[in-house]
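J.: Sequence:
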Amino acid sequence: SGSVTFGEVDETDVLTSSVAKASEVTSSAAPIPAALSLALDTALVITQTGNNEGSIDWTFTLDNSLVQYLGEGETVTATYTITLDDNSGTANATTTQDIVITITGTNDQPTITLATSGAELCGAAHEDNSITLDMAFEDVDVTDVHAVNVSWGDGIIESFVLPTGDRGISLDHDYATGGIYTIVVSVVDDATGADATSLLAVVSGVGLHNGVLQIIGTAGDDHITLNQTGNGSLKVHSDFIVEFATDSTRDFLLSDISSVVAILCDGDDQLTISNRINLDTIINGGAGNDRLNGGSGMNLILGGSGEDHIIGGSGRDILLGGLGADRIVGAAGRDLLSGGRLVDASLDEDTTSHLSDLVSIQTRYKTATNGEIDAWISGADNFFDEFALDLTDDEAAADVITSSSGEDWTLLFESDIWTDEASNSKGKK
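At position 214 of the sequence shown (counting the first as 1) the number is 214 in the working numbering, and the numbers step up by one without a gap.
Hints are computed from structural coordinates only; laboratory data are not their basis.
Predicted model, so just to flag it, every value in this text is computed and none were measured.
Fair warning: there could be bad hints in the mix.
What the hints assert, rightly or not - Restraint ranges, calculated between C-beta atoms of paired labels, are given here:
| # | residue 1 | residue 2 | range |
| --- | --- | --- | --- |
| 1 | S378 | N275 | 44 to 50 Å |
| 2 | T16 | N64 | 30 to 36 Å |
| 3 | S415 | R334 | 22 to 28 Å |
All C-beta atoms in this analysis are idealised placements derived from N, C-alpha and C, irrespective of residue type, glycine included.
All chains, full assembly: derive it from the sequences and hints.
T.: Now the structure itself:
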């Protein structure tokens, strides 16, 4: 806004004023949009005070959204001419004053609006097939140049610059081995505005990742066994690894492995871990009627939906049947046994997809003192509250739960049957 003063020596003259846009120019490589040009026509308005002498106040108003396309430092300049007329009809009856308005763009950050790998769900991708990352973003600064960086989670990073105006990518990638990969994708404009997001690629197969042996099943019926050899190797026999037609096993040095994670997806799956293998293990059977046997390390086994048969090992285990009528058998060690399912206490959603939560649960129970477990059993403390989780009934399915030689913690629901090997398998409600 601003003001222009005026005066007229002919005291009888009555002055009137008007304003019109004289010109518009831009420093941007993009032309001035038609909607902006139209709005600029009437963006500057004037108010006159006084007839013979006085002032002309002007105000410039424009919808900010019309100039968001300007990049940092780009400008649109509009010149307006105020004309003052004494209405005498003579040659020098008018005078003018130009008002120059310059709009300077600031940087607007790009915003990622879409990111998908097509492999977020278990069983959707395999280690012998490519996955496709689709990413789209918005940036109202139309002339910005954008660099995209993709970290695939397997040590491979790709970076490239998009042609001006492009607002997305579609990129294929091959993973050499199965596993759960975190893809991080970022976009940066030429004024350092940036956005980033992460997503998962769950790839069927077998691979060793930062010391964790990851076994990712398929949507079909999977069969896996883990055995330890005398030369310090761990053999994974699986019918879904790439080389199955010529070699059904994949070998790893036992000394390289700190733990095992097996996510088996849908299907009637079978997984057996030799009692010779003393590694902490997390197993999620997923949907289907699964048979899951743990090794001698600390096992956290989730049956998922379906009628599952779960057997623990000689360590301190957590065996949870999930939805369906399950058969659960503890072994040596102070096990936590239940046919229920874990859900997020606030969202009432299954938590089995959150691997970090499962690792925390496993570690807490493994390192708990007998006194802490006694407090959980007595109800003085709630084990699951520490993780904002609930153990809920599996829709009244009749689970059969058998304790073994350890002093187990068994959590039963109304339809469940509990037996103890020491009681000759006589059922107890």
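J.: 22 to 28 Å was suggested as the range; check whether the CB atoms of S415 and R334 agree with it.
T.: holds, 25 Å
J.: Confirm or reject the claim that S378 and N275 have a C-beta distance inside 44 to 50 Å.
T.: Once the Cβ atoms are compared, 32 Å apart, the range 44 to 50 Å for N275 and S378 is violated.
J.: Take the C-beta atom of T16 and the C-beta atom of N64, compute their distance, and say whether it sits inside 30 to 36 Å.
T.: At 32 Å between Cβs, range holds.
Violation of the numbered hints given earlier is confined to hint 1; every other hint is satisfied by the structure.
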